[in-house]
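Residue 46 in full-length UniProt numbering is what sits at position 46 of the sequence shown, and the numbering runs on without skipping anything.
I should point out that these hints are in silico values taken from the structure, not numbers from a laboratory.
Among the hints, a few may not be true.
Stated by the list, open to error - Derived DEER-like restraints, expressed as beta-carbon distance ranges:
id: 1; residue 1: ASN159; residue 2: MET343; range: 31 to 39 angstroms
id: 2; residue 1: GLU160; residue 2: ALA75; range: 17 to 25 angstroms
id: 3; residue 1: GLY47; residue 2: ALA158; range: 37 to 45 angstroms
id: 4; residue 1: PRO117; residue 2: GLY224; range: 32 to 40 angstroms
Quick caveat: nothing in here was measured; it's all calculated off a predicted structure.
For glycine and all other residues, C-beta sits at the position ideal for the given N, C-alpha and C.
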Amino acid sequence: MAPVKITGAIAAALSMAIISISYLICHCKSKVKKTQKSNFTRRPKNGLVGAIGNTPLIRINRLSEATGCEILGKAEFLNPGGSVKDRALKSGELAPGGIVTEGSAGSTAISLATVAPAYGCKHHVVIPDDVAIEKVRPVSITHRDHYINIARRRAAEANELASRLRKADQTDAKVLNDTNGLISNVETNQIFLSDCKGDQFENLANFYAHYEGTGPEILEQTDGNMRAFVAAAGIGGTEQNPSIKILVDPSRSGLFNKVTRGVNNTREEAKGKRLKNPFDTITEGIGSNRLTQNFLMAKLDGAFRGIDMEAVEMSRHKPALFLLKDALFLGSSSAMNCVEALMLEPLLTIGRD
């Protein structure tokens, strides 16, 4: 079958286990323009922060050949912190000398640990104990407080301190109240006087980093020839191109229902019936059952429900899909976005020559 000729592009934003990357599935004319405008410069960057953004597009050769389409990857792993999350930190919202606090599944934590010191800031990151160890190691290098389950460690330290006080027969209630914890209220007020919460879900710097940065970069690098954009929740876009924008959402996440049905949860997922831990997925860092300010800013045309097995097969068990042969070591969310982008491709070919 001859390659289908479609003017435009499908863009699928992906994150990788070892590196983070954003994919574009580009459906272009058979003769793709060889010249592209570029913001790249050979001049030295102004410190680490100056190196954020303007990441190149990479052609995924085997998938392009298999589909008859141009498939490109937005190489966000070339950001200093190794992911797209660096972009929001470039906005300058961090006050020099302050402390940035954040909870993260890994990528934002790595970006904070990388970029915050460049602003002269301290950073305090809490990571769950079930994230990939590859995400934990880069964060924990800078300080022990950027390690998994600090809450458990602090609780253990507080219990140990309280136990010592009891053994010493220090029964004064005030003394116990002031010391039954890692630090006192006075110390807390002093330490977090210039505190800045990262708040990646509600902080619109996350959205505008992509609205003003990633989106225009993609449009410039593809000469505006985009047909659609496919992404997991958390990636922003731009209004400069009327492309179809599709959300990819993992199982048990409510955002798929919000886009397709206007409500977060189905009857089976209604209050009182939902699981205590509703996210039955191996993909990290995507999906949610709450509407955040960043998500509400997104203008979406549809959504796909991501399936873990398809993502695993795409990234690990189907060499015929050529991803490994392109030296791309995909994580689960990366592969899931790629699967859904391939699902969208036939829908865009209907009615075209």
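Evaluated hints:
| no. | hint | result |
| --- | --- | --- |
| 1 | ASN159 - MET343: 31 to 39 angstroms | violated (51 angstroms) |
| 2 | GLU160 - ALA75: 17 to 25 angstroms | violated (47 angstroms) |
| 3 | GLY47 - ALA158: 37 to 45 angstroms | holds (39 angstroms) |
| 4 | PRO117 - GLY224: 32 to 40 angstroms | holds (37 angstroms) |
Hint violations for this structure: numbers 1, 2, all remaining hints satisfied.
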